[in-house]
Amino acid sequence: AQSVTQPDIHITVSEGASLELRCNYSYGATPYLFWYVQSPGQGLQLLLKYFSGDTLVQGIKGFEAEFKRSQSSFNLRKPSVHWSDAAEYFCAVGAYNTDKLIFGTGTRLQVFP
Amino acid sequence: DVKVTQSSRYLVKRTGEKVFLECVQDMDHENMFWYRQDPGLGLRLIYFSYDVKMKEKGDIPEGYSVSREKKERFSLILESASTNQTSMYLCASSLGDSWGANVLTFGAGSRLTVL
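So the sequences go chain by chain: E and S.
Going by our numbering, the residue at position 111 of the first sequence is 106; the numbering climbs one at a time, nothing skipped.
If you count the second sequence from 1, you need to add 904 to reach our numbering.
Keep in mind the hints are simulated off the structure, nothing from the lab.
Where a beta carbon is used, it is the ideal one built from N, C-alpha and C, also for glycine.
Warning: the hint list may mix true and false statements.
[To be verified] Taking lysine-lysine and the DSS-like style, the derived pairs with C-alpha atoms no more than 30 Å apart in a straight line are:
id : chain 1 : residue 1 : chain 2 : residue 2
1  : E       : K44       : S       : K975
2  : E       : K63       : S       : K959
3  : S       : K907      : E       : K95
4  : E       : K56       : E       : K95
5  : S       : K922      : E       : K95
6  : S       : K961      : E       : K44
7  : E       : K44       : S       : K922
8  : E       : K95       : S       : K974
9  : S       : K907      : E       : K56
10 : E       : K44       : S       : K959
11 : E       : K56       : S       : K961
[Claimed, not checked] Selected chain E positions facing chain S (in silico; Cβ < 10 Å):
id : residue
12 : Q1
13 : L39
14 : L41
15 : H77
16 : S79
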């Protein structure tokens, strides 16, 4: 069965600084990988996804993520964080034989001016 | 835009009450899901449905049931609410044409407090 680990519960960065949120997955084959963002009081919104092909994927709001098979990782990055990026970020993994997504426990991002 | 609407944003119920959480999507999606979100635990799948009247248990189905009588509507039912069911409940839907590769569209959530 697949699983997802987000090792960082809470991250604080200054506005304008770079950001990397970590995600590690466990799955026997190449999984489908997703990053979602949840702003306060809102549902989750898709940031980006990886299904196959180029291992560096671009998403909305200037985010990107890189799939590294050797490290079973799919880390989310942004070169310069804006105050509006403060939110909770969830990594998720899907598998070939099910419609279910497995979510990580989330990373809360705080941005200081 | 696909819209997933959860009719109640905030509910307060008493222990033992029957609770209905309603979710409606407007883009003819095949799949619908109910997740529970708790701090430090992320999102956990309660139930999902891949067709009308079809349902499958997720990871934490105990104490919950679901109903999908129409394609656009997926209801979560707490037969007898308990305090440990105080949580944020998120409904989602997806197209259902490609296993594992479907993007979920989420509703805004229903925050339930059981006293």
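Regarding the pair K907(S) and K95(E), is the alpha-carbon distance no greater than 30 Å? holds, 20 Å
Per-residue hint verdict: L41(E), partner chain S, C-beta under 10 Å: Holds. Min distance 5 Å.
Hint consistency between K56(E) and K95(E) [alpha-carbon to alpha-carbon, up to 30 Å]: Holds, because 26 Å separates the two Cα atoms, which is no more than 30 Å.
Taken at face value, is the distance from the CA of K959(S) to the CA of K63(E) at most 30 Å? violated, 35 Å
Is K95(E) close enough to K974(S), meaning Cα to Cα at most 30 Å? OK: K95(E) and K974(S) at ~21 Å, within 30 Å.
Given hint K959(S) paired with K44(E) - CA-CA distance at most 30 Å: Holds, at roughly 26 Å.
Quick one, are K44(E) and K975(S) close enough, alpha carbons at most 30 Å? holds, 26 Å
Going straight from one Cα to the other, do K44(E) and K922(S) come out at no more than 30 Å? This hinted pair is violated, its Cα atoms lying about 38 Å apart.
Straight-line Cα separation of K961(S) and K44(E) no greater than 30 Å? holds, 25 Å
Can you confirm whether the C-alpha distance between K907(S) and K56(E) stays at or below 30 Å? holds, 20 Å
Taking the least C-beta to C-beta distance, is S79(E) closer than 10 Å to chain S? violated, 18 Å
Against chain S, with CB atoms and a cut of 10 Å, does the hint on Q1(E) hold up? Where the cut-off is 10 Å and the nearest Cβ of chain S is about 8 Å from Q1(E), the hint holds.
Consistency with the previously given hints fails for numbers 2, 7, 11, 15, 16, ordered from lowest to highest.
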